[in-house]
Amino acid sequence: MFIKLTGGTVYDPASGVDGQQQDIYIQDGRIVKKPTEDVKVDKEYDLKGKVVMSGAIDMHTHIGGGKGNIARTLLPEDHRNDPVHRSDITRSGCGHAMPSSFVTGYRYAEMGYTAGFEPAVLPINARQAHMEMADIPILDKGGYVMMGSDDYLLRMLTAKKDQKAINDYVAWTMHAAKAIGVKVVNPGGISAFKFNQRKLDLDEQNAHYGVTPRDILRVLATAVKEIGVTHPLHVHGCNLGVPGNMQTTLDTIQGIGGLPMHLTHIQFHSYGTEGDFKFSSGVAEIAEAINRNKNITIDVGQILFGQTVTASGDSMRQHANHKHGSPNKWVTMDIECDAGCGVVPFKYKDKNFVNALQWAIGLETFLLVDDPWRIFLTTDHPNGAPFTSYPHLIRLLMDRSFRNEVLSTIHPEAQKMTTLASIEREYTLQEIAIMTRAGAAKLIGLKDRGGLSAGNWADITIYTDNNDRQKMFEKPDYVFKDGQLVVVNGKVVSTKWGTTHVVRPDFDPSVEKGLKDYFDRFLTMKLGNFKMSDDEITEDGRGSITVHPLNGDVA
Amino acid sequence: MSALTFTLKHRTAQRVDMSPLVCHLLKELKVADIAALTLQSGKHKLRVDELFTIEGSDAQNIVIKNSVDNLDFIGKELDGGCISVSGDAGAYLGFGMKAGELKVSGNAGLYAACEMKKGYLEIAGNTGDFLGAALPGNKMGMKGGTVLVKGNAGERVGDHMRRGNILIEGNAGDYCGSRMTAGTIAVMGQTGRYLGYAMHRGTLLLWTQPQLSASFNDCGAHTLAFLPILFASFKSLNSRFADVSSAFNRVQRYAGDMSETGHGEVLVRIA
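Chains as they are written, first to last, in my numbering: chain A, 1 to 555; chain B, 1001 to 1271.
Okay, chain A solo, but in the shape it has when bound:
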């Protein structure tokens, strides 16, 4: 099958193409060079006047793993109120804030997304997370394995094990859990919660292990760098949602000492304590620190108004937030001494001062961080808003008058506390393409995704240019996944299965000796069962594994 996409306006930041008219050729699922001799074009699409980008990549979205199922169990109304019927090619499902796996895949694809990365794969629940993601059609997926509050690592730190031993343990865990990155959530805080600590600052010791979050971050960030994983340590910092946590965030940036680090949903970590309500925006300083420290990347975790559910590994902060839950029901639990989990439904309201300011803080972050290669468009789905609100968010970023119109409707005190109205910046299509495509692929280390040059997989999204950016991004004309046309006019027309992206850093096999004894003594499963094999993802014939190169590898 040889496909030609003719005359589209191409935005491909990965190869520096910014709105040029170009033809794109697709053969056997990949983008190929313009054929030199006459090759029969099986199918040609006339894309004159259309906008062509690669398929979007959501680099932080909670689409697999146990907490999603807890959220589903907790919120049957989320599913009752949003049923999706089956069609001849798609399966039925339901859910607005936390859709079923099939609906997740369809809805992402219908917005032009072709990959999503689950940021909180607990090693001990990795099998479940991958099984669930295996049921997400169309999308590619991958996971960041969650470490930092696991007993084994904390014991290693208490025993002052050397960095080499920790590198081996991290690399081994990434293998066992089939991960492409490493995530740390409230470093050591989830563990501290179980020893009755209700908050843990960057330099506060875990009461049992005597380890501070700063130690954990440094050791893990070093490990990730030394074992050659492209995606920097993915950090959900301390003190999420606490007024005044901007200082913690600044200290975290400072404390990592120049190592690569990705700060996730930074909106929840950028709060000051000024004003009558002792809650203010700390974006000016945070954005300045990010602009200055080139080793830092961030995603925003924008909140948007409406009903959603927050699902996080940060049981300490979720426990503290449960009293704001709406509807009033919540779950906080331990997961096998490895980590935690907290699920609290939230209804963000534009007339609520705190929510309104959170909304403004997220947008300020987008607009004040200069380099679109180091900031990523997320709502931390579903924590800030369901991923289906991305087109609305893109419009807020690209359309200043629309942004100011919405701003004028939020809580008046919040309007006074934000500089949003005075910020003139409007994102360009190229910048959106960087944030949601090229930048994301580069950050995660996907070698042949996120770009439209020859050799890349043909994940391509085609939009009709429209000044109403929400309408434009809501409903792509065409979406190709690995060269297969999957969406036409914002509706799924065929489905397929994406691949699972992983990396495989080296480790010393003797790391298993200590681990085996530990598993036998303390854990609920044996070491051999803890490790996932590739077959578990591939043997059903739909899933596949794509291994990406490490830093320093010759691609």
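Some hints here could point you the wrong way.
[Said to hold, decoys possible] Dumping the calculated SDA-like pairs for lysine to any residue here, alpha-carbon to alpha-carbon at most 25 Å:
| # | chain 1 | residue 1 | chain 2 | residue 2 |
| --- | --- | --- | --- | --- |
| 1 | A | K349 | B | N1138 |
| 2 | A | K329 | B | M1140 |
| 3 | A | K329 | B | K1143 |
| 4 | A | K347 | B | K1117 |
| 5 | B | K1043 | A | V84 |
| 6 | A | K323 | B | H1200 |
| 7 | B | K1045 | A | S92 |
| 8 | B | K1118 | A | N328 |
Honestly, the hints are just simulated from the structure, not real lab data.
Given chain A's structure and the hints, the job is docking chain B onto it.
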């Protein structure tokens, strides 16, 4: 105009969703249009005239004849008007009902008066579990109106109930008044185990001494002036609750559930 009457021709193998056949949805429609409406039954959609013979035309006054216990969602979100069912009703009878009157001559299934808001629901026979409760996962059950059950009710009567009256002439099953936020449940017969389990506020009015859990405290015997007023409000009902001989004002009062806020009360008649 005579009552719009649906007479069931035969019992279907699968359950039937009756929610389109309520007064406020039919009032603008001609009989032919009503006949052409479809009802979901299992995987199939059935035309109304496949299932029922239709007579009369007054949509404010609907009669369902030969009704059986697999006709679900009768009177769903009923907003004024009258529905009278001769025979049994299925699950979710009067679900989310907003106003009007709904009467069943036989028994009703699970979740009768589920999340009912206002109006009057009368069941001459027995009713299943979760009378006046919230849907699973929801936090608010019945929010208003009156439910009268002449027979017995199943378990979990008034689960998460918020306001309104549930009157039961017969017995109530286990967990009667569980997780109640407020409202009144009166039971003339026996009640089961775990009465008022995790209730926050609200009143359980009983004719016979229940088996109370340890988290209810005995507050002694009281003469309560509000009881005659409450009974007076039942006077117009076609029920034993309207009998002067049923009324009383002297009760033993128990407060609970102390494992919750403990503002709920169980009032037991002192004969």
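Results for each hint:
no.	hint	verdict
1	A:K349 / B:N1138	20 Å, holds
2	A:K329 / B:M1140	12 Å, holds
3	A:K329 / B:K1143	19 Å, holds
4	A:K347 / B:K1117	23 Å, holds
5	B:K1043 / A:V84	15 Å, holds
6	A:K323 / B:H1200	18 Å, holds
7	B:K1045 / A:S92	18 Å, holds
8	B:K1118 / A:N328	24 Å, holds
Hint violations for this structure: none, all hints satisfied.
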